[in-house]
Amino acid sequence: MNIHEYQAKELLKSYGIPVPPGEVVYSDRAAARVAEELGGSRWVVKAQIHAGGRGKGGGVKLANSVGKVTDLADQMIGSTLITAQTGETGKRVHRVLIERASRIDREFYLSMIVDRVSQKIVVIASAEGGVEIEQVASDRPDAIHTEYIDPGVGLLDFQCRKVATSIGLANRAASFTRLLKRIYRLFRDKDCLLLEINPFIVTEDGDLVALDCKMQFDDNALYRQSAVAELRDFDEEDPKEVDASGHGLNYVALDGNVGCIVNGAGLAMGTMDAIAHHGGRPANFLDVGGGASPEKIANAFRIVLTDPNVRAILVNIFAGINRCDWIAQGVVQAAKDLRIDVPVIVRLAGTNVEEGRRILTDSGLSVIQAADLDDAAAKAVTAVSEVAA
Amino acid sequence: MSVFVDKESRVIIQGFTGQHATFHAEEAMSFGTKVVGGVTPGKGGATHLGLPVFDSVAAAVAETGATVSGIFVPPAIATDSLLEAVDAGIQIAVIIADGVPVQDMVRTKRYLAGRSTTIIGPNSPGIITPGACKVGIMPSHIYAPGRVGVVSRSGTLNYEAVSQMTGLGLGQSTCVGIGGDPVNGTDFKTVLQAFENDDDTDVVVMIGEIGGQQEVEAAAWASQYMTKPLVCFIAGVSAPRGRRMGHAGAVIAGDSDTATAKLDAIEGLGHAVVRNPAEIGDTVLRAVKEAGSGPGSAS
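These protein sequences, in sequence, are chains Y and E. So in our numbering, the last spot in the first sequence is 390, and the numbers never skip. So in our numbering, the last spot in the second sequence is 379, and the numbers never skip.
Bound-form chain Y, shown alone:
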């Protein structure tokens, strides 16, 4: 789960990690009020969307007067921001963060992630802040310092000093150590997967400040992170994906035209691959999970069909703890409740497969039954080309 920059900064602040003074607003009038309250002569107006690349996309702008803050906030709020990470449709901006501009002396990159290779939390730091870390990693890997944290003892002072030295902050090692240990505590307490401060700056006054922040949390830990879970912004997510997760379905929209309804994440990916192998393009990833009831299958059909690009639907079920007869009942129910005007191809295998096939045959529906994965993918791709012809 991702959160907005302003939410991440409030979390940082609550752990004693300095951020620029600022406030999130939903209107240009509130923007002017906040700018006046903050004081000073320069402010930054930052569009709050989850995607990165906001600076280049025109979502982060500097203002030299309260009037300019008002104008920028007016322009941004309600507009659609297109960045390298939003895709071509862009993201609607509902709120902006107004901050007093910082006087930057030096910029750094600092992050923590759960690293799957070392299976530890790792600190990543670089003296080259404010730029894409992936770019730094590929151009000048030596400019990146990594420090692995032993979960048994946690982040140690000497490690913080090592990081400080590696990015040229040896003269501020004590305050940097305090800060990094607070970041680690936040990371642990809140079940973060990623906490990225880019840039992390030294101001002209010599203070360490987090100028931007991105946080990602472990979905699997949200059950014990209710305060974090409340920060979820459904407007930032695909409505079909939100709808699906409400029904215990795992749905990811793709740009093809073969709708997929599958059990298990691995088989769902494998089904997409089999379709691609036959020259087709999957419209979505959809995992119905274990113990799929007829209602769940019917909901899966409804969600897949809300995608106007779908020209055929492939149902591929290898039932272990699922039951093919329930799946078949779900298909029959979906056909009854929804107007399905695209071909439906069904491949059933595993638990209660004969009964499932019989239910489909007896239903009189024009469902195309497939013998195995290859047959199912081939039939789905053929069905799409026949619809198109």
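If you are wondering where the hints come from, they were derived from the structure by calculation, not from laboratory data. Where is the CB? At the ideal position from N, CA and C, for every residue including glycine. Accuracy of the hints is not assured; some may be wrong.
[Claimed, not checked] Only part of the chain E face toward chain Y is listed, based on derived beta-carbon distances under 7 Å: (1) Lys-189; (2) Leu-192; (3) Ile-217; (4) Gly-235; (5) Thr-236; (6) Gly-292; (7) Ser-318; (8) Arg-321; (9) Gly-326; (10) Ala-358.
[Claimed, not checked] Within a straight-line C-alpha distance of at most 30 Å, the following computed BS3-like cross-link-like pairs (lysine-lysine) qualify: (11) E:Lys-189 with Y:Lys-191; (12) Y:Lys-163 with Y:Lys-121; (13) Y:Lys-215 with E:Lys-189; (14) Y:Lys-163 with E:Lys-189; (15) Y:Lys-14 with Y:Lys-182; (16) Y:Lys-182 with E:Lys-269; (17) Y:Lys-121 with E:Lys-189; (18) Y:Lys-121 with E:Lys-123.
[Stated by the list, open to error] For each label pair, taking beta carbons as the anchor points, the in silico distance ranges come out as: (19) Y:Gly-59 with E:Gly-322: 18 to 24 Å; (20) Y:Asp-151 with E:Thr-340: 33 to 39 Å; (21) E:Arg-355 with Y:Asp-208: 53 to 59 Å; (22) E:Ala-142 with Y:Asp-143: 53 to 59 Å; (23) Y:Gly-54 with E:Ala-142: 58 to 64 Å; (24) E:His-100 with Y:Asp-106: 29 to 35 Å; (25) Y:Thr-307 with E:Ser-110: 40 to 46 Å; (26) Y:Glu-133 with E:Arg-366: 41 to 47 Å; (27) Y:Asp-151 with E:Gly-124: 32 to 38 Å; (28) Y:Gln-370 with E:Glu-106: 29 to 35 Å; (29) Y:Arg-43 with E:Gly-322: 30 to 36 Å.
Given chain Y's structure and the hints, the job is docking chain E onto it.
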């Protein structure tokens, strides 16, 4: 022999009296698994499915001599149950739960240091040695005893691959589901090592997916140290970047994480790769024939 579990393995079930655990324990027993008891805190002394229930794993181990535990508890209490099994000296702990927080697994891996437990999972379908022992949730009827070792992340993709093999007369020595999480108890390489050392395995199939480099690292190890043929499939050729494909670990973070990049790397290391999941069985059959062992049947 087989790897990790065989017909002599003495198995307990944690969360024994729960609905899912009960269902899968009965299935495992009807498959011939030597289930010797179970654990449900607070229900010690009771009898369930004709077997003793214990309050703790330590008590169950002391009374039954169990060395394998199937952990069938919800994700929120799974880590505690797992660490209890490790502490009690369980040799093989199979954890099925999907939804264990990743930082719990980071700490669990540290807790394992200096201890002898092998953890299979989490987010795993379990482990099965056909004809001998099943600790998991897989449909046992699709498996057949034989000489192909299978290791996968996913459950259902494992079923798909196995049913293709069984359909071609290729039985399996052991099938291990290491799970779909980014930090898992046992990695691909460890399972390949076990298969390499197993006299009952002739050919190994590795079924991975997008995200991370575990499959490539395992394949690199195999090209140096493994004498048995390795066949690999990586799911997610058509998956987009940056999106989690169901499994917490199945996310393309960089260029080398894509299925195509991983398949190319593994092929470059000299192993057989499968690009269409419908052809896993056929590719394994070819590998078995080239290895000169004939279609795998029970030894």
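Violated hints, by number in ascending order, as checked against the structure = 2, 8, 16, 18 and 24
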